[in-house]
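S.K.: Mind docking chain P on chain U? Use the hints.
As given, the protein sequences belong to chains U and P, one line each in that order.
Take 84 as the starting number for the first sequence in our numbering and just add one per residue.
Take 31 as the starting number for the second sequence in our numbering and just add one per residue.
A couple of the hints might just be wrong.
Each computed DMTMM-like pair below joins lysine to aspartate or glutamate, with the alpha-carbon atoms no more than 20 Å apart [claimed, not checked]:
1) U:Lys240 with P:Glu55
2) U:Lys240 with P:Glu63
3) P:Lys58 with U:Glu243
4) U:Lys179 with U:Asp326
5) U:Lys179 with U:Asp135
6) U:Lys148 with U:Glu447
7) U:Lys335 with U:Glu311
8) U:Lys148 with U:Glu125
9) U:Lys240 with P:Glu67
10) U:Lys240 with P:Glu56
11) U:Lys240 with P:Glu144
12) P:Lys146 with P:Glu63
13) P:Lys58 with P:Glu45
Far from chain U by the CB rule (all over 12 Å, computed), these chain P residues [what the hints assert, rightly or not]:
14) His42
15) Arg52
16) Glu55
17) Gln66
18) Ser70
19) Ala74
20) Gln75
21) Gln77
22) Ala78
23) Ser98
24) Ser114
25) Leu134
26) Trp136
27) Glu144
28) Met150
29) Gln159
Across the chosen pairs, the derived CB separations fall in these ranges [claimed, not checked]:
30) P:Arg137 with U:Glu407: 40 to 50 Å
31) P:Gln77 with U:Gly187: 50 to 60 Å
32) P:Arg153 with U:Leu128: 46 to 56 Å
33) U:Val180 with P:Ile60: 28 to 38 Å
34) U:Ser208 with P:Ala104: 33 to 43 Å
35) U:Val123 with P:Gln77: 23 to 33 Å
36) P:Arg147 with U:Gly187: 15 to 25 Å
37) P:Glu46 with U:Thr402: 26 to 36 Å
Everything labelled a hint here was simulated from the structure, so no lab data went into it.
From the three backbone atoms N, C-alpha and C, an ideal C-beta is built for every residue, glycine too.
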Amino acid sequence: MPDQLFVFNHSSYPRGGWASVAWHPIQARMGIGPDEVALVDESDLEIPCQVDPARDTLIFSLPRKIEPVNGSAPSVIFTLRRRSSRSQQEEKAHYKVLDSDPNGQPRVVQLSNERLAASFNLLPSPGDPAKNWYAGAATSVRLDGLEMLDAFAAALKGWEGHDPEKRCMQVDELRLELPGSSAPTYQRVQLFDQPYELVSKSSGPVRASITLASAAFDIAPGDPESRERYQFYRIISLLAGTDYLLEELLVKPVPAPALTGTGAIQLAFVPRFFAHMDLSFTPELHRFSEAPEWFAIGSRFSPYQGYGFATNARLGAVTYPHLESPEPGNQRKQFSWKTLPCRSATCLHRFMRSAAGRGRGHQEHFDVRTGTCFHEVLDRPLTCHFV
Amino acid sequence: MRALQEFKPATHVVEELLRVDRFIEENKQIILERLQENYSGVTAQKQAYAMFITGSLPLVSGIIHVGSTADDFARAAAWVRDKSPKADPINVLCHFVLIYLVELGWREVLESNEPKRRTMWTRIRKAVQEPPVLP
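Isolated chain U (complex conformation) (with noise of 0.2 Å):
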């Protein structure tokens, strides 16, 4: 019997996307390395798929929408083969360093596909050691050739004169459940401040992801002998095709032990997203209570940019406008939000244009939009089987 994969569609429409699978059982039945897996459908054409050994997974892009699972059978059968040594897939998503220090560490880099393109900074300070405020940010999301970020001065100036404050997809701040205590008490962890790390990155012809680490931070529940460090991981990933970022965030101890699994997290946690997009002077924020895990903001100007979040940790607090901003000209630019305490969240970051105005509900609204990429990437995914 071939090495096949059985993939379920457990929505009740039609539907493409992508879908993963554990790589280590594929590895010790076939026989083969990470480079040397193919994946072909049945009539022999291949798949794009993709081993990501630090994170024991396969993943692979649908070529097609398949059919909604009917009983237990699935939706479509893949076939796993040993790779051609000549053949060669084409990378379609990638990672790349746009600034490093004098010693070729990364301060500034990039994931891209066809459609999306998102620059991080790793360091709190861009240039200007004053303005030491941008750590873990998206300074730059580029959706079809437009900066979202910025995305009315782009479309009078092109690449000059955006905000400089402009940033998105920012953890700013954790909030810690401690460990231990009779009562809960908690701990405010300040992250905008603070260089990450560049842990590892990859990319290939599905995904392209980075792992950063934050600076380490000491957990002080009240006895100082017990006092340990930890720190914040986000493993922030770009699909093929996708107009959207997902990221996995954990809370691990120094050291962290291999990021392949939730065992170690002892902490509970809620992080505190920050924004600062140009979504016009009156952005629509659409938030139900029917929908607690995500949230959709957008503009009713041209060029109707917009952005959605979604998570399976459910939404906390949603922030708009940003009244803590001490200049006042910025607080209709920026919004924040949380989620609920977590022991890990897998989080999506959608970028959008929508000039469907006020029609909410509109199969290319921000709503829809969002709310549909919450159900088939995190509530309802495509589930694989290796058989």
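M.R.: Here is chain P on its own, set in the frame of chain U:
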């Protein structure tokens, strides 16, 4: 859109409500170049006028958001709602700014010795004077 004809001229919106006239003057060259590029890019196509206006809206939005303020925009939007409660202030204000820009561009070439540009701006001017084509 008929209600628009009762509105004060676009200059009122641009100069007294949104107060982006100085910003437009300071960036006149790049703005007019962008409008010309937009028109040149669609002129050979069907629905060219509508495409020109749709294609120019990001530029207009950029002028409003970079050149105006939230307070001035709110005042301008209130003015639109007062004049025509059923009109969408965003569409109306963008349209008036575009009319202002095109008038500016047309006047720039009116006295020039560039017949091709005069013809182009005359056509552009005609395009924006023939609503409704707003999204």
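S.K.: Next step is simple, just say for each hint if it's right about the structure.
M.R.: Quick rundown of the hints versus the structure:
no. : hint                               : in the structure
1   : U:Lys240 with P:Glu55              : 15 Å, holds
2   : U:Lys240 with P:Glu63              : 11 Å, holds
3   : P:Lys58 with U:Glu243              : 16 Å, holds
4   : U:Lys179 with U:Asp326             : 18 Å, holds
5   : U:Lys179 with U:Asp135             : 17 Å, holds
6   : U:Lys148 with U:Glu447             : 19 Å, holds
7   : U:Lys335 with U:Glu311             : 10 Å, holds
8   : U:Lys148 with U:Glu125             : 14 Å, holds
9   : U:Lys240 with P:Glu67              : 14 Å, holds
10  : U:Lys240 with P:Glu56              : 13 Å, holds
11  : U:Lys240 with P:Glu144             : 26 Å, violated
12  : P:Lys146 with P:Glu63              : 14 Å, holds
13  : P:Lys58 with P:Glu45               : 15 Å, holds
14  : His42                              : 19 Å, holds
15  : Arg52                              : 15 Å, holds
16  : Glu55                              : 14 Å, holds
17  : Gln66                              : 15 Å, holds
18  : Ser70                              : 17 Å, holds
19  : Ala74                              : 23 Å, holds
20  : Gln75                              : 19 Å, holds
21  : Gln77                              : 16 Å, holds
22  : Ala78                              : 18 Å, holds
23  : Ser98                              : 8 Å, violated
24  : Ser114                             : 17 Å, holds
25  : Leu134                             : 15 Å, holds
26  : Trp136                             : 21 Å, holds
27  : Glu144                             : 25 Å, holds
28  : Met150                             : 21 Å, holds
29  : Gln159                             : 20 Å, holds
30  : P:Arg137 with U:Glu407: 40 to 50 Å : 46 Å, holds
31  : P:Gln77 with U:Gly187: 50 to 60 Å  : 53 Å, holds
32  : P:Arg153 with U:Leu128: 46 to 56 Å : 50 Å, holds
33  : U:Val180 with P:Ile60: 28 to 38 Å  : 32 Å, holds
34  : U:Ser208 with P:Ala104: 33 to 43 Å : 35 Å, holds
35  : U:Val123 with P:Gln77: 23 to 33 Å  : 45 Å, violated
36  : P:Arg147 with U:Gly187: 15 to 25 Å : 52 Å, violated
37  : P:Glu46 with U:Thr402: 26 to 36 Å  : 34 Å, holds
Hints 11, 23, 35 and 36 from the earlier list are contradicted by this structure; the remaining hints agree with it.
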